[in-house]
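Engineer: Sequence:
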Amino acid sequence: KQVVGAVVAVTLLVAAGFITLVYPFIYRDPLAEPFLEIDDAEEKAWLDSQIVIEIRGSVPESEVRESLEIHPPVPVREEDVVVEHIAKFPWHERFPWAKTRVTINPHNSRLFEPETSYTVTLKGENLTFETITLPRVADAHVGSVLHNDFKNVPTSSPIVLVFNEEVVWQDESLHVEPSAEVTTTSEKSSGGSTEVWVIPKQRWENSTTYTLTISEGVRDVFGHEGVEEFSLDFTTWARPGVIEATPVSDRSPPDSMVVVKFERAVDRQTVEDAFRLEPSASGTFEWETDRVLKWRPSKLQYSTTYAVSVGGEAIGGDPIAPFEWTFTTRSQPKVVEVQPTGRSLPLDSSVRIQFERPVDRETVEEAFHIEPAVAGSFDWESDLVVTWKPDKLEYSTTYTVSAGGKSIDGDPIVPYQWAVTTHDPPVLVGIEGAEQS
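With our numbering applied, the sequence shown covers 370 to 806.
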């Protein structure tokens, strides 16, 4: 009986040892594959995903925390890591065949950044994953071939906002300050993202700084909501102006052409409608280009100050900054001095005429008249002074002299006329006591 009892005791002891030690060692619980919460639509990790990794052995919590690496680094707090030791029997939790379960982010905090590839390393175990994409504005530009400068935006140009992915656009997400009437269009780009065009209904105001804001909550096609607010400042360009205008002289020719050069291309009809000249004068418009206006007068008055004003609109609708200037036409050339004058002039007197400005000699000679007609010749001291020498003048005759012609720059000389009278013939006086024949 004692032998039988001993055998039974040994058998039971061996069985208990097998059950408590050998069996858990041989038939240890397998390690579960690393677990990660995944968004089914995008098949990527959520930003608040919970991660579970199991490793063999009973690893102390301090060692777990020391060996845990996440790249790129994330701010892991103490409560963001939970360590559990798991075995078939509670008293086996400290044995090598136990396993350690590490749960990262158990409270589902937003631990990760969107559109990022992470690698988690723990005691030789590696887990690599990518996070979901959240909609955000990735780029912005001016929708104009003229300018892409947010400090000098054409007033008719749209602002293009480019999202990082395809979104379901709602106008309620857009805010414009100062308030402006806009329309929006959205379209899918070749790269798969969404472009939103913010278009002014009329035009932006000149020299104005606007702020476009896209609020949080824009949804992508997977239903993910953006969490970033986007803000963009841009300034519109100034009203176009005049960069050069002529004439400006106070001695301008009366046939001077008015030439205006604009800063930008203009709407020709609006500029012609806004053109003013005071005192008024008739003329015709000629355009060299959309930036250069020429106005050719039919006739301007001499010695007159004219005020010119231009306006209208540039191509695109911007009002042109008002511009005014004056110029004065030169005086009409005239005769300033003539000789001789009066009565009892000698028969060999010459006519001398002095002009205010240099003259065209040929036109002066053609315009010269004397009545009654007398032959003679011209002698020019300069382009300012001419002398006419008569062949023969008659006694006791009143001659009317007319001078005219043109100056060397083509202006007609103010007609000038005066009269002179030659002396009487000599009277033969008899001498008393002289012999009569």
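Keep in mind that the hints were calculated from the coordinates and are not lab data. Backbone N, C-alpha and C define an ideal beta-carbon position, used for all residues, glycine too. It is possible that part of the hints are untrue.
[Claimed, not checked] Derived pair list, reagent style DSSO-like, types lysine-lysine, alpha-carbon separation capped at 27 Å: (1) K570 <-> K668; (2) K630 <-> K668; (3) K703 <-> K758; (4) K570 <-> K557; (5) K663 <-> K630; (6) K663 <-> K520; (7) K520 <-> K492; (8) K663 <-> K703.
[As the list claims (entries may be wrong)] Estimated spans, in silico, between C-beta atoms of each pair: (9) D518 <-> S667: 41 to 47 Å; (10) D518 <-> D752: 23 to 29 Å; (11) G493 <-> N521: 56 to 62 Å.
Engineer: So which of those numbered hints doesn't the model satisfy?
Structural biologist: 1, 6, 7, 8 and 10
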